[in-house]
Amino acid sequence: MRFSTSLLCASGALAASSGDVEARQSCAKLHVFGAREWNVPQGFGSEQPLIEAIQAAYPGATSEAIVYPASPRGDNYPSSVTAGIKAVVDQVTAYAAKCPDSAVVMVGYSEGSQIVDDAFCGGPDGNSMAETAAPIPTEVGERVKALIFMGDPRNIPGLPYNIGSSTGGGFAQRPADFVCPVYADRIRSYCDAEDPYCSNGNNVRHHEQYVMIYGEHALAFVREKVGSL
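So the number in my numbering is just where the residue sits in the sequence shown, counting from 1, plus 19.
Hints were generated in silico from the structure; no laboratory data involved.
It is possible that some hints are incorrect.
Derived DSSO-like pairs (lysine-lysine); straight-line CA-CA distance at most 30 Å [claimed, not checked]:
id : residue 1 : residue 2
1  : Lys164    : Lys48
2  : Lys164    : Lys117
3  : Lys117    : Lys244
4  : Lys105    : Lys244
5  : Lys48     : Lys117
6  : Lys244    : Lys164
7  : Lys117    : Lys105
8  : Lys48     : Lys244
9  : Lys105    : Lys164
10 : Lys48     : Lys105
Pairwise CB distance ranges, derived in the manner of DEER restraints [unchecked claim]:
id : residue 1 : residue 2 : range
11 : Val223    : Ala76     : 29 to 37 Å
12 : Asp120    : Pro176    : 32 to 40 Å
13 : Thr186    : Lys117    : 40 to 48 Å
14 : Glu83     : Glu243    : 21 to 29 Å
15 : Ala116    : Pro78     : 19 to 27 Å
16 : Gly93     : Cys46     : 35 to 43 Å
17 : Pro194    : Lys48     : 35 to 43 Å
18 : Pro176    : Ser45     : 39 to 47 Å
Here the structure is a predicted model, which is why all the values come from computation and not from measurement.
All residues carry an ideal CB built from backbone N, CA and C; glycine is no exception.
Model the full assembly from the supplied sequences, consistent with the hints where possible.
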């Protein structure tokens, strides 16, 4: 911070600094963002038990749901994804500005994974996103320690961060040679062959079970990446 020789300016600077300190003191050491799957009410949806487990592992950690339409597949789906990408960028950027010393974890489920994936790994993504570059600012992304994708429609087989039995791609799959440019070592993406949305299976119910199947694995990865706070 720059100091002025003017008493009035110095007084104003000190007041702003005091307010900034108070805001930071209200920040948790870890903040978890969750982006729910489609067609469920605003909140965390199927990922809620995982988010609660992360918070239990880091007492005092806070959480926040990404606010977006989460429309089911159909005519409104592309615009829902577009709105979701913007919501991820806006909410995470706002939190990083308020709490620059806090660590952040991202959890996305189904369409929620797609919007987090696009926000951090870039596009294009059909009619939802034309740009190639990831819209999340680099200085904001530096605060993010781990990204968990469950049932991600952008899934393609063979990615270094994939976990599960899937050998097919999702309905919004990325190009075959794609790897997330910046955050690959911070991602775990869970998808099984039975899943009709992140893979080419036909068991819709399986798509709803990733926290039950892989929740402990995801929590262990988050603890590895976040470390002790």
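For each hint, the structure was consulted:
For the hint linking Lys164 to Lys48, the alpha-carbon distance of about 12 Å falls within 30 Å, and the restraint holds. This hinted pair checks out: Lys164 and Lys117 have alpha carbons roughly 17 Å apart, not beyond 30 Å. A threshold of 30 Å between alpha carbons decides the hint, and for Lys117 with Lys244 the separation of about 22 Å falls inside it, so the pair holds. Note on Lys105 and Lys244: the hinted pairing holds, with a Cα-Cα distance of about 25 Å set against a maximum of 30 Å.
For the proposed pair Lys48 and Lys117, the alpha carbon gap of about 12 Å is at most 30 Å, so the pair holds. Of the supplied pair hints, the one linking Lys244 and Lys164 holds, its CA atoms being roughly 6 Å apart against a limit of 30 Å. A hinted pair counts as satisfied when its Cα atoms are at most 30 Å apart, and Lys117 with Lys105 qualifies at roughly 18 Å. Straight-line distance between C-alpha atoms of Lys48 and Lys244 comes to about 14 Å, which keeps the hinted pair within the 30 Å bound.
At most 30 Å may separate the alpha-carbon atoms for a hinted pair to count; Lys105 and Lys164 meet this at roughly 20 Å. Taking the CA atoms of Lys48 and Lys105, the gap is about 25 Å. The hint holds against a cut of 30 Å. Evaluation of the 29 to 37 Å hint for Val223 and Ala76 yields a pass: the beta carbon distance comes to about 31 Å. The supplied range of 32 to 40 Å is met by Asp120 and Pro176, whose beta-carbon atoms lie about 38 Å from each other.
Between Thr186 and Lys117 the beta carbons are some 42 Å apart, a value that agrees with the proposed interval 40 to 48 Å. About 23 Å separates the C-beta atoms of Glu83 and Glu243, a value consistent with the hinted range of 21 to 29 Å. Checking the proposed 19 to 27 Å range against Ala116 and Pro78 shows it holds: the Cβ atoms sit about 25 Å from each other. One distance hint, 35 to 43 Å for the beta-carbon pair Gly93 and Cys46, holds here, with the actual separation near 39 Å.
Hint check: Pro194 to Lys48, Cβ distance near 38 Å, so the stated range 35 to 43 Å holds. For the pair Pro176 and Ser45, the supplied restraint of 39 to 47 Å holds, since their beta-carbon distance comes to about 44 Å.
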